[in-house]
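Fit chain S to the given chain C structure using the hints.
The listed protein sequences correspond, in order, to chains C and S. Here the first sequence is numbered in my numbering, starting from 2 and rising by one per residue. Here the second sequence is numbered in my numbering, starting from 173 and rising by one per residue.
Source of the hints: derived by calculation from the structure; they are not laboratory data. Heads up, a few of these hints could be off.
[Said to hold, decoys possible] Within a straight-line C-alpha distance of at most 25 Å, the following computed SDA-like cross-link-like pairs (lysine to any residue) qualify: (1) S:473 <-> S:247; (2) C:55 <-> S:207; (3) S:463 <-> C:29; (4) C:29 <-> S:233.
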Amino acid sequence: MFEQLSDKLNGVFKNLRGHGTLTEDNIKESMREVRRALLEADVNFQVAKDFVKKVQERAVGTEVLKSLNPGEQVIKVVHDVMVETLGSVASELADSKKKPTRILIVGLQGSGKTTFTAKLGFHLRKRRKKTALLAACDVYRPAAMDQLGSLGKQIDIPVHIEKGETDAVGIAKRALEVAETKGHDYLLIDTAGRLHIDEELMDELARIKSELKPHQIVLVLDGMTGQDAISVAESFHEKLGVDGLVLTKMDGDARGGAALSIRSVTGIPILFIGTGETPNMLDVFHPDRLAQRILGMGDVVSLVEKAQEEVSEEEAMQLEERMRKETFSLEDFAGQLKKIRKMGPLTELVKMIPGLSKQLPSDFQIDEKQLTRVEAIIQSMTPLERNRPDVIDSSRRRRIAKGSGTSGSDVKKLIKDFLAMRKMMGQMSRMSPKDMMKMARR
Amino acid sequence: MKSLFKKIKDGFKKTQSVVSEGIQQVLTRGGKIDEDLYEELEAVLLRGDVGPATTYYLLDELRARVKKDKLESPVELRDAMREIMESILRQGRDESDPLGPSGHASGRRVVMLVGVNGVGKTTTLAKLVKRVQDDGRTPIIAASDTFRAAASEQLEVWADRLGVHLVKSERGADPGAVAFDGIKAGEARNADVVFIDTAGRLQTQSNLMEELSKIHRVCGKAMDDAPHEVLLVLDATIGQNAISQAKVFSEAVPVSGIVLAKLDGTSKGGVILAISHELKIPVRFVGVGEKAEDLLEFDPKLFADGLIGEIAEAPAG
Numbered sequence: 002m003f004e005q006l007s008d009k010l011n012g013v014f015k016n017l018r019g020h021g022t023l024t025e026d027n028i029k030e031s032m033r034e035v036r037r038a039l040l041e042a043d044v045n046f047q048v049a050k051d052f053v054k055k056v057q058e059r060a061v062g063t064e065v066l067k068s069l070n071p072g073e074q075v076i077k078v079v080h081d082v083m084v085e086t087l088g089s090v091a092s093e094l095a096d097s098k099k100k101p102t103r104i105l106i107v108g109l110q111g112s113g114k115t116t117f118t119a120k121l122g123f124h125l126r127k128r129r130k131k132t133a134l135l136a137a138c139d140v141y142r143p144a145a146m147d148q149l150g151s152l153g154k155q156i157d158i159p160v161h162i163e164k165g166e167t168d169a170v171g172i173a174k175r176a177l178e179v180a181e182t183k184g185h186d187y188l189l190i191d192t193a194g195r196l197h198i199d200e201e202l203m204d205e206l207a208r209i210k211s212e213l214k215p216h217q218i219v220l221v222l223d224g225m226t227g228q229d230a231i232s233v234a235e236s237f238h239e240k241l242g243v244d245g246l247v248l249t250k251m252d253g254d255a256r257g258g259a260a261l262s263i264r265s266v267t268g269i270p271i272l273f274i275g276t277g278e279t280p281n282m283l284d285v286f287h288p289d290r291l292a293q294r295i296l297g298m299g300d301v302v303s304l305v306e307k308a309q310e311e312v313s314e315e316e317a318m319q320l321e322e323r324m325r326k327e328t329f330s331l332e333d334f335a336g337q338l339k340k341i342r343k344m345g346p347l348t349e350l351v352k353m354i355p356g357l358s359k360q361l362p363s364d365f366q367i368d369e370k371q372l373t374r375v376e377a378i379i380q381s382m383t384p385l386e387r388n389r390p391d392v393i394d395s396s397r398r399r400r401i402a403k404g405s406g407t408s409g410s411d412v413k414k415l416i417k418d419f420l421a422m423r424k425m426m427g428q429m430s431r432m433s434p435k436d437m438m439k440m441a442r443r
Numbered sequence: 173m174k175s176l177f178k179k180i181k182d183g184f185k186k187t188q189s190v191v192s193e194g195i196q197q198v199l200t201r202g203g204k205i206d207e208d209l210y211e212e213l214e215a216v217l218l219r220g221d222v223g224p225a226t227t228y229y230l231l232d233e234l235r236a237r238v239k240k241d242k243l244e245s246p247v248e249l250r251d252a253m254r255e256i257m258e259s260i261l262r263q264g265r266d267e268s269d270p271l272g273p274s275g276h277a278s279g280r281r282v283v284m285l286v287g288v289n290g291v292g293k294t295t296t297l298a299k300l301v302k303r304v305q306d307d308g309r310t311p312i313i314a315a316s317d318t319f320r321a322a323a324s325e326q327l328e329v330w331a332d333r334l335g336v337h338l339v340k341s342e343r344g345a346d347p348g349a350v351a352f353d354g355i356k357a358g359e360a361r362n363a364d365v366v367f368i369d370t371a372g373r374l375q376t377q378s379n380l381m382e383e384l385s386k387i388h389r390v391c392g393k394a395m396d397d398a399p400h401e402v403l404l405v406l407d408a409t410i411g412q413n414a415i416s417q418a419k420v421f422s423e424a425v426p427v428s429g430i431v432l433a434k435l436d437g438t439s440k441g442g443v444i445l446a447i448s449h450e451l452k453i454p455v456r457f458v459g460v461g462e463k464a465e466d467l468l469e470f471d472p473k474l475f476a477d478g479l480i481g482e483i484a485e486a487p488a489g
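Bound-form chain C, shown alone (with noise of 0.2 Å):
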């Protein structure tokens, strides 16, 4: 829905070549729309108006004016101010030398504090083989608890929860007493999360932290708030003192732009991002993809990421090997096309690629009507068939369009389309890899 920023600003600098001269109204007129961009993406409005003051310092005094092409060149230093912005190396979660670390989790209700909790006890053993127990402190929200000890059942890691106590504070020491004699490396404390900021919850929070002396505290916070983000993180911030933030459902197509602006106004740093309801959706932040997420440039690494959830190493070598050879069966497409359609919609992972996304008309839509019909036809086919569909004759196509209630040039179509393509990766997959980026910046 986002139009893309590199599309308008360089319509913004299209008219201007040939001419060979930018004046000081055109570098305005691309700040308009890089503000235009932030604000889209929710960074708070004096951050982007702050922000583009800053790029457009930048950029006068840089080679943009001369260089073929400005657009790409704003866009550059609008990205290295960003990334400079977020902070530009990840940061860490706290790792005490005494057992247990203690992380108390807090934030607004709904911002997925409790789905965190879970998920960091999960990062926590599986990407650093450190042990957790997690503390149930929300004793306000009907069945907070039960959610916390059911995620924690699911993925196998111990939730020290008193049903029906109501001393928020009482249970999280009691929690650290049960983390200290089990000896857990962490002790997560989720707490009670409020429609805003109340004395009331911030006081309960106050005493946990000064009878807990948590060694971080974490702010949870919803990737698609808006404008008063900063206000959010302020008021925790003045109150507790917030020591790193997690932005969560940023699986959706929230663009995050309140990470910019807390960080830049408050200095906390962002720790994670979360980016879906089960427990391994839990990424490290990167100051830089998220730039460009913010900008709508597209994420690559993230696109290569989510395959390789779907694709393992090996599969992914024969599979290229194949390529390489042509002989990539119609059985292998069948198989690549189901695991490219359960990363997500098709049409949000092709606007992920950088370069591509630019050259697609705005209203751009792939039709996965068509896809389930492509599916349709081959699942209708025989292995003989799928592996070497030239041996598809006019009574074979017939059968198969019945079986797939499609049409016989339906058939003959997707053989034809799929022959080209195979012709083409193989191509492609001989090529060295200068060669592919020359071919990706035509």
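Just chain S, lined up with the frame of chain C:
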């Protein structure tokens, strides 16, 4: 009647302080209508989550009005702005009652609630149930959120509190089947309104959006024309992503109205303007607090008044 009016007004009032105070400040300062003034208005609107597209539309309209009607003072500008906002908020509205009797022979209405995770769907559901009960009508709930850990337990707590029948199934069950059972149970118990609570899902999860379409289709099999109402619950504190949410949910199911939850305290509600302007789906209710009576019927005029700031308490004549 007056007290109800005042209550709604107060409810709206606390929601829009950022926008309304800003506009007040800009407009009551006196002086001329000039570029500086437009720029300040732009800042106020953007800060209030109105979003760039709608903000620029509003300002363009305003400029056109100033030119056409030869407006000179900021006070005149304020009235023009109020009118433009109200007309934006009226887009896509009709006067039907989202919880009233349906066109079906039994008059029973099936209301489906959809939305992303953590927006306050279940709390909103409880408030809607209470509203139907207060009207002396009988609601029933189908817990089609069979995905989230402890979702139906949470709903059960609410259902017990409100004394309403809940149709549920074990975790991981087919949500469509639960919806079907819920409608059938509504028929058997002669309920007036069947609420279908669905699992929160992000609009980018295409498989889950497909599931939503399926639940919708299954409702139609259990009862003609059902569901009669599909309410999308949005979190008022989110920014421009609300538009993306409304758009994608509308592609999966025919969203007939929006409930804007958490529109109190720190939130700003400017995103309502953006939604009305860009999507033309009517806002039906707004949630301004945690109590059941804090769910208000949305009124475009009152809301526009609230956004612009204090207009005379009781208009003369």
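Quick rundown of the hints versus the structure:
1. S:473 <-> S:247: Satisfied, since the Cα-Cα distance of roughly 18 Å is no more than 25 Å.
2. C:55 <-> S:207: 24 Å, holds
3. S:463 <-> C:29: 49 Å, violated
4. C:29 <-> S:233: 24 Å, holds
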